[in-house]
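Student: Sequence:
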Amino acid sequence: MLNGKLFPMVQPLAYIRKPKNKFYLRQRCRRVLLESLESRQLLTADLITHDVGWSNTEHALVSAIGQVSVPSSNPELAAMFTSMPEAIQAEGEASLTALDEYVSMPDASYNFEILNIESPLGQGYTHYDVRMTSQTWRSAAEVVWNRWQHRLSIIIPNVVSSSTSLLIVDGGDHGLTGGAGDGFLQSELSQAASLAVSTGTVVSRLSNVPYQPLQFAGDSVVGRAEDGLIAKSYREFLDGGDDFWPALLPMVKSAVKAMDTVQAVAMSQQSRIVSDFVVTGASKRGWTTWLTAAVDDRVKAIAPMVINVLNMQVQMDHHRQAYEGVTQSIVGGYSSAVRDYVEQGIFDRWADPRGQELLRIVDPYQYRSRLTMPKFMINGTGDQFFVPDSDQFFYDDLPGVKHIRYIPNVGHGLSSEASVSLEQFYRTIVSDAQLPNLNWTVEPDGSITVDSPTEPTAVLLWQASNAMNRDFRQGTPGVTWTSSPLTAVSPGRYVAQVPSPPTGASAFMVELTYDVGGQSMKFTTEVVVREAATPTFTPLSFLPGTSVQPFSAAQAISSDGSTVVGRSKTNPEAFRWTQATGMVGIGFPSGANRSVAYGTSADGTVVVGESALGAFRWTTQTGFQNLGNLPGGTLGRATSVSGDGSVVVGWSSPGGAFRWIEATGLQSLGFLPGGNLSRANAISHDGAVIVGYSTTSLGEEAFRWTQSGGMVGLGTLPGSSVSRAEGVSSDGSVIVGSSLVGNSNVAFRWTQASGMVSLGFPVGSLGSSAKATSADGTVVVGTVHYSDGDKAFYWTERTGMVILAEYLLAQNVSEFSQWSRRSADGIS
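For the sequence shown, the numbering used here gives the first residue as 1, with consecutive numbering after it.
Derived from the structure by calculation, the hints contain no laboratory data. For glycine and all other residues, C-beta sits at the position ideal for the given N, C-alpha and C. What you were told as hints is all true, and nothing was included just to trick you.
With a straight-line cut-off of 27 Å between C-alpha atoms, the simulated DSS-like cross-links for lysine-lysine are:
no.	residue 1	residue 2
1	Lys-402	Lys-522
2	Lys-300	Lys-402
3	Lys-522	Lys-300
Here are the in silico distance ranges between beta carbons for each label pair:
no.	residue 1	residue 2	range
4	Ser-754	Val-495	30 to 40 Å
5	Pro-453	Arg-354	45 to 55 Å
6	Trp-819	Gln-667	37 to 47 Å
7	Gly-760	Leu-677	20 to 30 Å
8	Ala-488	Ala-225	45 to 55 Å
9	Ala-458	Pro-539	47 to 57 Å
10	Gly-665	Thr-441	47 to 57 Å
11	Thr-441	Gln-321	20 to 30 Å
12	Gly-175	Ala-458	39 to 49 Å
13	Ser-646	Pro-444	27 to 37 Å
14	Ser-490	Gly-175	57 to 67 Å
15	Asn-158	Gly-218	44 to 54 Å
Throw the hints in and build the complete structure from the sequences for me.
Tutor: Right, here's the structure in full:
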């Protein structure tokens, strides 16, 4: 109805954007049908009345029945259509697809009626509540509710200053009635009205894309909707259905018909010309946005949201690989968000000829040469449908102006920030404001180099980590994005670098804020994900000649992880292992018949340990150097060595903890007050900090020793009188060990700021002991004690204490499960 009267429809009717070259009409221009000469004459008269013509408005009215036919009275237009095939071929455009054919195909069911007209007093706009039938998709025998009906809210401000219009493609449902469904919420209308008035443009919102739910003939599922509907339509196509089965086709046609309707209502009701559109939508509606831009030249710019679906076959292969080893919310190897496609077997059929044809029809990547308009992609870092680094498979291949914004710590549902960014982008298109020039490169080392000739007002590095795997979906335990300022390395250039984590994966991106036409707009780079090296478990075997009961134990590892040292054989011999040499015994000092290696330098060329003669130092160049014992000592052990191999620490009994350098030999570190026994267990990379434990008048206490401060006690955990320090970070600021609380050892981590903090132990275990920490002190390794044996653990602040065997098994490293006694004694 139009003001209560039936609106006489011209089916289908549209304004066609004038091509850049008048002798070239791109194949995505819609063919339109005028059903009667009378209708054509009425429309032409209306256009003339409003001073609309080919020459001065860059619009024309075209008619087509099957093939394009043009009135002979317009020779210029006729010449254009005659030369169209050659022009298309010369331009190098992708060939026409079923999408082009379906959208341009006449459909007699297209019509609309205005249900209500509202002009709120003093608000500056008129709202037209329109019920539109966009098409009939499939026969009634194939699909129940096959006539697609929509609510279309069109808001025309009292003052229109631009012929550009915003079309928001939205969802909704018909409530199993087969009607057009309910109108939009008042909050949605208010937001659209505010934007319309402030920009002086027509803003519209389209519902029921796709038209849902739909009942497919013979389908046991009652009323499919959203991805379930789309996946089912794909399956019909793959199983031999015609080319018009994919539901994205009618979804796109819904948007195209909405643009027709907006233009018709604006012209007929208020004599307003709408010449082009900015189209936006989220998820499936974002998919619709991409494809609408590919087939209709009225689309001036697009803002697809949460729909990184381009280059779909490659995307989904990467998606499946990313979730290998993940067990939560996974269906058939994919995120449970795409369950419908997995259950219909869609991803398994990409390689089939019919699967390739489906991709040619519905994958926006196939139409990328047509997508030359400005593009603003708005995504969430925790999207449950798409992995965060999916832009790598299509972004560089998109032509023209393009920008991304990833909103941190949101999933597929986004947040209000998405609406802010969308409105800002629309304002820049309407006002022809210059968007910032922003480019970046992902370097071979995984860093992001950003070049921005436009000066940003702020630059942030955003990053998140998952210590277990590559799952960054919103709600994944321990995954939170945090930011830090990023400074320029040179004018206009920024470099973001996040190292590969010891386990799991880290993701990062750069966010830049600009002043664009008085608006503070945020854009980001793509997201880069850096994974830990693929976990492996390598048994180091035994030294030759090992007796009846084979035995070996790794005690320490070099900083770069290339060298492992320890002991093997029943009468132990120290060994040194590298990938190239395997396990090689280093022998014994002269006069000794046993040796054990306990520490190694950063590059693995210096090894320290004990023999029957006391502490020793061994190098690949000089062999053994006997360090002996402190005065009066009969036993001695070197436990650790500085990064360059020049400072050795350990203990002598009696005599206590010692420090050795070539110039002075062994030097006692003394004891804590009231003590008479001490042990030095680890040394910092530069040799300045030594940690261990000493007896006191109350028991045993961990210590930290420096040249200037001497031996300083670190205390114990509450309720304990015993603590021992076993490992130290590279700079000496983080110390780890264990404290005896009751009958249980409890691992701890100490810093000057926090003091001694318990790391706890898993439920069902008897306790825990920390043995070593990473260079930066963020990762701790050690042992969890159980009644039936020990299990190795690693700990980070994000993950807490993780049993290493469980992690390795989750990564399909099954060999570790065959080992019965396990302890993590060192970390590179």
